[in-house]
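Taken in sequence, the protein lines are chains A and B. All residue numbers for the first sequence refer to the working numbering, where the first residue is 1 and numbers rise by one. All residue numbers for the second sequence refer to the working numbering, where the first residue is 408 and numbers rise by one.
A portion of the hints provided could be inaccurate.
[As the list claims (entries may be wrong)] Beta-carbon label-pair distances, calculated as ranges:
hint	chain 1	residue 1	chain 2	residue 2	range
1	B	N652	A	K107	33 to 39 angstroms
2	B	S521	A	S58	33 to 39 angstroms
3	B	V458	A	K209	31 to 37 angstroms
4	B	Q619	A	N60	55 to 61 angstroms
5	B	K650	A	K91	56 to 62 angstroms
6	A	K56	B	N467	36 to 42 angstroms
7	B	K650	A	N48	50 to 56 angstroms
8	B	S534	A	K243	48 to 54 angstroms
9	B	N652	A	N60	46 to 52 angstroms
10	B	Q771	A	K56	48 to 54 angstroms
Derived from the structure by calculation, the hints contain no laboratory data. Built from N, CA and C at the ideal position, the CB exists for glycine as well.
Number of protein chains: 2
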Amino acid sequence: MKIVVLKFGGTSVGSIERIRKAAKIIISYVKKKYKVIVLSSAMSTVTNDLVKKSKKISKNFPHAEYDVLVSAGEQMSCPLIAGELIEKGFKSRSWMSWQVPILTEGKHKFSRISHIYKKEILKYLKSGGIPIVAGFQGINSKNRITTIGRGGTDASAIMFAKFFNSEKCIIYTDVDGVYTTDPNKLKSAKKLKVISYEEMLEMTSLGAKVMQPHSVQDARLNRVDIEVKSSFVNKSGTLITKKKNIINNSSNKIITGISSTQNDAKVTLVGVKDRPGIAASIFKPLSQNSINVDMVVQNISANGIETDLTFTIKLDDLNKTKKIINENKNINFKKLLFDKDVSKVSIIGVGMITTPGVTYRMFQSLANYKINIQVISTSEIKISVLINKKNVKKAIKALHSEFNLDK
Amino acid sequence: MKIVVLKFGGTSVGSIERIRKAAKIIISYVKKKYKVIVLSSAMSTVTNDLVKKSKKISKNFPHAEYDVLVSAGEQMSCPLIAGELIEKGFKSRSWMSWQVPILTEGKHKFSRISHIYKKEILKYLKSGGIPIVAGFQGINSKNRITTIGRGGTDASAIMFAKFFNSEKCIIYTDVDGVYTTDPNKLKSAKKLKVISYEEMLEMTSLGAKVMQPHSVQDARLNRVDIEVKSSFVNKSGTLITKKKNIINNSSNKIITGISSTQNDAKVTLVGVKDRPGIAASIFKPLSQNSINVDMVVQNISANGIETDLTFTIKLDDLNKTKKIINENKNINFKKLLFDKDVSKVSIIGVGMITTPGVTYRMFQSLANYKINIQVISTSEIKISVLINKKNVKKAIKALHSEFNLDK
Numbered sequence: 001m002k003i004v005v006l007k008f009g010g011t012s013v014g015s016i017e018r019i020r021k022a023a024k025i026i027i028s029y030v031k032k033k034y035k036v037i038v039l040s041s042a043m044s045t046v047t048n049d050l051v052k053k054s055k056k057i058s059k060n061f062p063h064a065e066y067d068v069l070v071s072a073g074e075q076m077s078c079p080l081i082a083g084e085l086i087e088k089g090f091k092s093r094s095w096m097s098w099q100v101p102i103l104t105e106g107k108h109k110f111s112r113i114s115h116i117y118k119k120e121i122l123k124y125l126k127s128g129g130i131p132i133v134a135g136f137q138g139i140n141s142k143n144r145i146t147t148i149g150r151g152g153t154d155a156s157a158i159m160f161a162k163f164f165n166s167e168k169c170i171i172y173t174d175v176d177g178v179y180t181t182d183p184n185k186l187k188s189a190k191k192l193k194v195i196s197y198e199e200m201l202e203m204t205s206l207g208a209k210v211m212q213p214h215s216v217q218d219a220r221l222n223r224v225d226i227e228v229k230s231s232f233v234n235k236s237g238t239l240i241t242k243k244k245n246i247i248n249n250s251s252n253k254i255i256t257g258i259s260s261t262q263n264d265a266k267v268t269l270v271g272v273k274d275r276p277g278i279a280a281s282i283f284k285p286l287s288q289n290s291i292n293v294d295m296v297v298q299n300i301s302a303n304g305i306e307t308d309l310t311f312t313i314k315l316d317d318l319n320k321t322k323k324i325i326n327e328n329k330n331i332n333f334k335k336l337l338f339d340k341d342v343s344k345v346s347i348i349g350v351g352m353i354t355t356p357g358v359t360y361r362m363f364q365s366l367a368n369y370k371i372n373i374q375v376i377s378t379s380e381i382k383i384s385v386l387i388n389k390k391n392v393k394k395a396i397k398a399l400h401s402e403f404n405l406d407k
Numbered sequence: 408m409k410i411v412v413l414k415f416g417g418t419s420v421g422s423i424e425r426i427r428k429a430a431k432i433i434i435s436y437v438k439k440k441y442k443v444i445v446l447s448s449a450m451s452t453v454t455n456d457l458v459k460k461s462k463k464i465s466k467n468f469p470h471a472e473y474d475v476l477v478s479a480g481e482q483m484s485c486p487l488i489a490g491e492l493i494e495k496g497f498k499s500r501s502w503m504s505w506q507v508p509i510l511t512e513g514k515h516k517f518s519r520i521s522h523i524y525k526k527e528i529l530k531y532l533k534s535g536g537i538p539i540v541a542g543f544q545g546i547n548s549k550n551r552i553t554t555i556g557r558g559g560t561d562a563s564a565i566m567f568a569k570f571f572n573s574e575k576c577i578i579y580t581d582v583d584g585v586y587t588t589d590p591n592k593l594k595s596a597k598k599l600k601v602i603s604y605e606e607m608l609e610m611t612s613l614g615a616k617v618m619q620p621h622s623v624q625d626a627r628l629n630r631v632d633i634e635v636k637s638s639f640v641n642k643s644g645t646l647i648t649k650k651k652n653i654i655n656n657s658s659n660k661i662i663t664g665i666s667s668t669q670n671d672a673k674v675t676l677v678g679v680k681d682r683p684g685i686a687a688s689i690f691k692p693l694s695q696n697s698i699n700v701d702m703v704v705q706n707i708s709a710n711g712i713e714t715d716l717t718f719t720i721k722l723d724d725l726n727k728t729k730k731i732i733n734e735n736k737n738i739n740f741k742k743l744l745f746d747k748d749v750s751k752v753s754i755i756g757v758g759m760i761t762t763p764g765v766t767y768r769m770f771q772s773l774a775n776y777k778i779n780i781q782v783i784s785t786s787e788i789k790i791s792v793l794i795n796k797k798n799v800k801k802a803i804k805a806l807h808s809e810f811n812l813d814k
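All chains, full assembly: derive it from the sequences and hints.
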């Protein structure tokens with residue numbers, strides 16, 4: 001049996017018109033002799049409206065009831081899709097998670113799928129039916145509804161692709177794929193045909209619009225190839241797959257994409273005592289207050305007594321961070337500086353693992369445009385630099401051209 | 408265990424404010440040491456919105472998917488009620504029909520509850536919890552959702568009252584009980600403390616605003632006493648119970664209430680052949696076209712050859728009726744007359760079974776006000792007369808006074 005799993009996100013089923021379009025896409029796969037399993041999200045805005053209602057009742061709305069409430073969204077979208085397919089002459093029916101059943105690990109609000117009972121759906125596929133399965137939900141061992149976090153229908157689709165060993169897993173959404181960089185920042189940005197899970201994970205600022213990082217991680221761990229496509233326009237999308245599939249691809253470029261951040265802030269502590277454990281003593285209270293520190297650089301101490309420590313955080317956390325540092329008696333420093341006009345620009349690509357000189361090319365390219373680098377951080381497949389916000393577009397343009405992404 | 412079943416209709420849970428009010432009512436019973444089982448409808452307008460969506464897909468939206476779609480309404484209201492009770496410090500949780508489970512006879516869209524598994528809910532009640540059960544829905548033997556018709560949460564509450572042998576079954580709604588007649592038509596209308604199932608069934612025009620006739624019939628067949636109350640004002644409601652409980656009540660009046668219709672039409676066929684089967688030949692095509700004939704009167708034939716036949720139908724069906732009669736070759740008549748300005752006024756009361764002279768008093772009372780009676784029909788506990796619409800208020804006033812309902 002040639003199975004394809006199709007996932008439709010909220011905007012792709014956001015109106016009756018969109019549901020009709022989704023049905024047409026489903027039918028196109030049936031005509032290509034695929035057995036189609038559909039996973040659907042709630043119609044867009046529905047889930048947010050339900051969350052709002054729960055918040056009116058309580059800021060700490062009980063998680064078990066939250067899951068019952070918000071999973072009602074898929075109970076509305078799925079029968080509408082099935083109804084449209086039946087209207088068009090196909091055999092179809094909706095499947096709520098308790099009917100499959102889809103089992104989860106048990107935790108409310110952020111559960112994970114542990115098992116999918118395949119028997120009924122396989123029988124239905126064989127009979128020529130198109131099952132429309134509610135995404136985002138499962139039941140736990142106590143027979144209660146457990147949802148799997150926002151964007152959880154991607155995770156549902158990935159697990160269905162794994163359990164049914166599907167030939168394809170296609171995520172239909174409102175963007176048409178992953179680009180080399182944000183097309184709003186650079187007109188010559190190109191859509192990628194293929195990207196590795198790892199690159200996708202590193203490319204948060206580009207990737208998050210397409211898929212939540214933890215769904216990419218799910219796909220990676222379960223070795224499920226994912227095609228991201230638009231349900232609005234009929235164009236090829238982007239394939240997210242194993243690194244190996246890409247490294248072996250000779251037409252591959254060294255760099256896959258360039259991302260940039262919007263809301264970072266840089267904090268510098270001048271005149272910090274240069275002794276072991278000083279960094280930890282600063283970052284501990286920040287971490288205890290859920291403040292995520294991203295890039296960190298500690299200057300080499302000129303006098304062996306004092307040094308400067310620079311790090312970046314989310315702009316939203318800046319006031320909280322200043323307060324914590326100023327009020328913490330264990331942190332000794334002479335001056336606290338901060339800068340709101342920074343942005344982190346990153347080049348990402350599995351190709352850099354096997355290609356030397358990438359760092360140099362990046363720095364030289366920015367230097368040619370007189371762009372000053374404030375902080376640097378690197379991983380195996382990503383190099384990030386912190387620069388002044390006003391230079392972001394120029395930097396992206398320079399790097400896009402340097403690494404041949406324009407073609 | 409002293410169990411009470413509380414049912415909340417759509418307007419009674421129609422907003423977060425209303426849900427808070429419903430929770431307060433629930434808590435008041437908990438404080439009176441009742442074990443409370445709550446049955447809730449969907450928040451008002453939700454079900455209608457879902458039905459509208461299904462109609463945009465298809466005029467013949469498949470019934471099985473319709474049931475999945477519309478039953479999502481209760482999946483939203485129930486967790487919100489449970490959440491509010493938890494917020495107020497009580498133990499509560501929602502229960503969808505498949506979790507109870509509530510079994511139905513199997514038919515989609517208009518199913519009936521055949522069994523309720525009590526074990527889990529009893530255990531939960533004993534533990535001090537307040538179960539909030541989704542009304543209007545059940546599952547059939549194929550594990551699919553089946554709804555039990557509009558207003559079906561009343562039926563759910565009645566079946567819970569029966570299966571759990573509850574002390575009380577209270578329907579909370581947006582009217583505060585059943586009145587002797589429509590308060591909009593007669594200011595001196597009084598709220599009834601008690602009414603029999605049978606009277607309630609006959610009092611369609613008054614009763615339907617409070618409960619659907621088939622729910623009253625459900626209560627009657629299952630011998631469940633029902634109290635109808637408003638969730639908006641704190642007042643005593645109306646008890647709907649067995650005839651016996653009322654006849655034995657010495658303070659009881661002969662007549663319980665007076666109802667009137669708004670949208671009837673009178674049709675008269677002049678010069679119909681007076682032979683056996685003539686009425687059937689006229690009513691058969693009407694019935695085949697789902698036209699409901701209410702009052703019928705066939706004049707005594709003056710010449711033994713021809714007669715006149717008069718009947719009433721819903722005003723909406725008038726054009727269809729005229730067309731059917733005019734196009735049907737088997738119906739011979741000289742002239743077709745119709746009158747849109749008619750209303751059926753009925754006096755209802757189990758008391759008339761044991762009291763002679765009620766008919767006479769009704770007719771005399773109307774005659775005193777010079778109100779002409781066009782058609783008469785009677786049942787054991789109801790006498791109806793068709794009169795000109797302009798006389799309706801006058802007639803209700805006369806009868807209300809004649810049968811001492813003003814007091």
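Violated hints - listed by number, lowest first: 1, 4, 5, 10
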